[in-house]
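What follows is each chain in one-letter form.
Protein chains: 2
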Amino acid sequence: MIPQRVTLITLGTRDLGRARRFYGDLGWRPASEQEGISFYQLHGMVLGLFGLDALAEDQGRPGAELGTGAVTLAQNFATEAEVDAAYEAALSAGGTALKAPEKVFWGGYSGYWADPDGHVWEVAMNPYWPLSADGSLTLPEAG
Amino acid sequence: MIPQRVTLITLGTRDLGRARRFYGDLGWRPASEQEGISFYQLHGMVLGLFGLDALAEDQGRPGAELGTGAVTLAQNFATEAEVDAAYEAALSAGGTALKAPEKVFWGGYSGYWADPDGHVWEVAMNPYWPLSADGSLTLPEAG
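Protein chains in written order, with my numbering: chain A, 1 to 143; chain B, 1 to 143.
Where hints are given, some of them may not hold.
Pairs count within a copy or across copies, as identical chains cannot be separated in the list.
Cross-link-like lysine to aspartate or glutamate pairs, in silico, EDC-like; alpha carbons within 20 angstroms at most [stated by the list, open to error]: (1) LYS103 with ASP25; (2) LYS99 with ASP53; (3) LYS99 with GLU57; (4) LYS99 with ASP15; (5) LYS99 with ASP134; (6) LYS103 with GLU65; (7) LYS99 with GLU65; (8) LYS103 with ASP117; (9) LYS99 with ASP84; (10) LYS99 with GLU35; (11) LYS103 with GLU80; (12) LYS103 with GLU57; (13) LYS103 with ASP15; (14) LYS99 with GLU33; (15) LYS99 with GLU80; (16) LYS103 with GLU88; (17) LYS103 with GLU141; (18) LYS103 with ASP134; (19) LYS99 with GLU141.
Hints are computed from structural coordinates only; laboratory data are not their basis. Keep in mind the model is a prediction, meaning the values are calculated, not measured.
Whole structure, please, built from the sequences with the hints as guidance.
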């Protein structure tokens, strides 16, 4: 048994300074910044930016080629207009367009962009997933 | 500006049934399961298991080779014993050992394992990061 819990998401970066500037341009402010690592407070959890080679070494496999794309991080919003605004903000800061937001088959509205290291973010509105006022997401019962 | 927020982490899987069994063996219970996707409630956010090819297509790049490893998901614990127990539970369920938990230079205790699709999890105890009773993590002021 392990808990259903994620307390920290770490993104490996080829250029930590560039990544810090990118997320800074998006309006993010680190809660803690040390040489080689930055931590950002999210809702009840933390996101870290770290060096890609250092991350491979920390994982016990120095020199490994770490890949991106098979994990996506999504930001949900209450409206399509907020999705569009977030997508445009990401591209304006230097993010890479993957898919402009569009209506999708499951009844929502979704787009994708990538950060300078290829980490993939989704921006979405899901009408079946009401967000709390604090931006957290608790799934409705059943469904 | 985009919010400092992650509402959904999606893991692309080559064999969704295998991934469901693996996380089920870890004690995870889906809040919602539909054909092709499973959602697990975490603290104020959700983790989804989805098909790898479907995820590439959803990202607007069908056929893309999506990679793992450059994003890690960490579970923090209050004690080294809990870290060890989580690591052993992951290996017993069929996870791949990357680095057995050990004392690390920043003053904590940390190990890494990978799920059947290569998604990398860290299990850690950080004495400077007190967990809340509900398992959430709010960084101390300054630091």
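Hint by hint, here is what the structure shows:
In the homo-oligomer, the alpha carbons of LYS103 and ASP25 never lie at most 20 angstroms apart, since the shortest distance is 28 angstroms inside one protomer and 35 angstroms across protomers. Taking the closest pair of Cα atoms, LYS99 and ASP53 come within 20 angstroms of each other only across two copies (16 angstroms); inside a single copy the shortest separation is 29 angstroms, beyond that limit. With identical chains, the CA atoms of LYS99 and GLU57 are at most 20 angstroms apart between copies only, with a shortest distance of 10 angstroms across copies and 33 angstroms within one. When the C-alpha separation of LYS99 and ASP15 is checked against a cutoff of 20 angstroms, the pair qualifies neither within a copy, at 25 angstroms, nor between copies, at 25 angstroms.
In this assembly of identical chains, the alpha carbons of LYS99 and ASP134 never lie at most 20 angstroms apart, being 27 angstroms within a copy and 36 angstroms across copies at closest. When the C-alpha separation of LYS103 and GLU65 is checked against a cutoff of 20 angstroms, the pair qualifies neither within a copy, at 35 angstroms, nor between copies, at 25 angstroms. In this assembly of identical chains, the alpha carbons of LYS99 and GLU65 lie at most 20 angstroms apart only when taken from different copies (16 angstroms versus 26 angstroms within one copy). With identical chains, the CA atoms of LYS103 and ASP117 are never at most 20 angstroms apart, being 27 angstroms at best within one copy and 29 angstroms at best between copies.
Proximity of LYS99 and ASP84 under a CA criterion of 20 angstroms is satisfied intra-copy only: 11 angstroms inside one chain copy versus 41 angstroms between copies. For the homomeric pair LYS99 and GLU35, neither the shortest alpha-carbon distance inside one copy (34 angstroms) nor that between copies (24 angstroms) is at most 20 angstroms. Proximity of LYS103 to GLU80 under the C-alpha cut-off of 20 angstroms is restricted to the intra-copy arrangement: shortest distance 9 angstroms within a copy versus 46 angstroms between copies. Only between protomers do LYS103 and GLU57 lie at most 20 angstroms apart by alpha-carbon distance; the minimum there is 15 angstroms, versus 41 angstroms within a single protomer.
With identical chains, the CA atoms of LYS103 and ASP15 are never at most 20 angstroms apart, being 34 angstroms at best within one copy and 27 angstroms at best between copies. Within a single copy, LYS99 and GLU33 get their C-alpha atoms no closer than 32 angstroms, and across copies no closer than 26 angstroms, so neither meets the 20 angstroms cut-off. For the homomeric pair LYS99 and GLU80, the shortest alpha-carbon distance inside one copy (15 angstroms) is at most 20 angstroms, but the shortest distance between copies (43 angstroms) is not. Taking the shortest Cα distances, LYS103 and GLU88 sit within 20 angstroms of each other inside one copy (17 angstroms), while across copies they are farther apart (43 angstroms).
In this homomeric assembly, LYS103 and GLU141 never come within 20 angstroms of each other (Cα to Cα): the closest approach is 25 angstroms inside a single copy and 41 angstroms across copies. Proximity of LYS103 to ASP134 under the C-alpha cut-off of 20 angstroms is found in neither arrangement, the shortest distances being 25 angstroms within a copy and 36 angstroms between copies. Taking CA atoms no more than 20 angstroms apart as the test, LYS99 paired with GLU141 passes in neither setting, with 31 angstroms inside one copy and 38 angstroms between copies.
Checked against the numbered hints listed earlier, the structure breaks hints 1, 4, 5, 6, 8, 10, 13, 14, 17, 18, 19; every other hint is satisfied.
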